[in-house]
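With numbering that gives the first Met the number 0 as the guide, the letters of the sequence shown map in order to residues 0 to 148.
Bear in mind the hints are in silico, worked out from the structure with no lab data behind them. Any given hint might turn out to be false.
What the hints assert, rightly or not - In the PhoX-like style, the derived pairs of lysine-lysine whose C-alpha atoms are separated by at most 20 angstroms in a straight line are:
| id | residue 1 | residue 2 |
| --- | --- | --- |
| 1 | 88 | 77 |
| 2 | 103 | 51 |
| 3 | 88 | 22 |
| 4 | 130 | 51 |
| 5 | 60 | 88 |
| 6 | 56 | 77 |
| 7 | 56 | 85 |
| 8 | 103 | 85 |
| 9 | 88 | 141 |
| 10 | 79 | 130 |
| 11 | 85 | 130 |
| 12 | 110 | 141 |
| 13 | 139 | 85 |
| 14 | 110 | 60 |
| 15 | 79 | 51 |
| 16 | 110 | 85 |
| 17 | 110 | 51 |
| 18 | 110 | 79 |
| 19 | 88 | 103 |
| 20 | 88 | 130 |
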Amino acid sequence: MSADPIYTEMIIEYSRNPSNFGKIENPHIHRHDSNPLCGDSIDLYVNVDGNKITEVKFDGKGCAICMACTSVLTEMIKGKNLEEVKNFKKDDLLSELGLGHLIKTSPVRIKCALLSLKALKYGIYSYFVDKMNDVEAAGKLKEEAASLY
């Protein structure tokens with residue numbers, strides 16, 4: 000039996016009933032990003048206390064893969080410290096939903112899957128520059144976000 004139907008069910012479930020969907024008023028981190036090839040458009044909102052992510056939400060519209068991956072990403076980062084999160088790799092997110100095969104089989108869909116991670120990396124980049132004055136860490140995050148796909 001193939002694992003694909005299980006992952007398809009997971010993707011559909013997360014896209015229909017996303018975790019952490021909504022907005023945060025006056026978040027510490029806010030980032031909008033979009034994928035014009037698919038029509039995905041998301042806003043990611045994050046609150047930080049010290050170095051820990053205390054609240055994360057997202058708002059927007061997109062395909063099932065984008066919505067599912069964004070939902071899962073919010074679950075993965077909530078309660079984590081910024082050091083852990085800034086080191087997240089695309090494989091961390093893709094493997095959570097069994098989407099590792101997208102890297103080789105569907106370069107257009109990989110952009111859907113990684114849109115939220117790209118937004119998160121750029122959002123944390125801005126936070127490191129503006130709030131923490133850590134230009135070195137910010138530069139690494141910016142490079143990583145730019146090279147996700």
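Legend entry - Numbered hints the structure breaks, given as an ascending list: Of the numbered hints, 2, 3, 5, 8, 17, 18, 20 do not hold.
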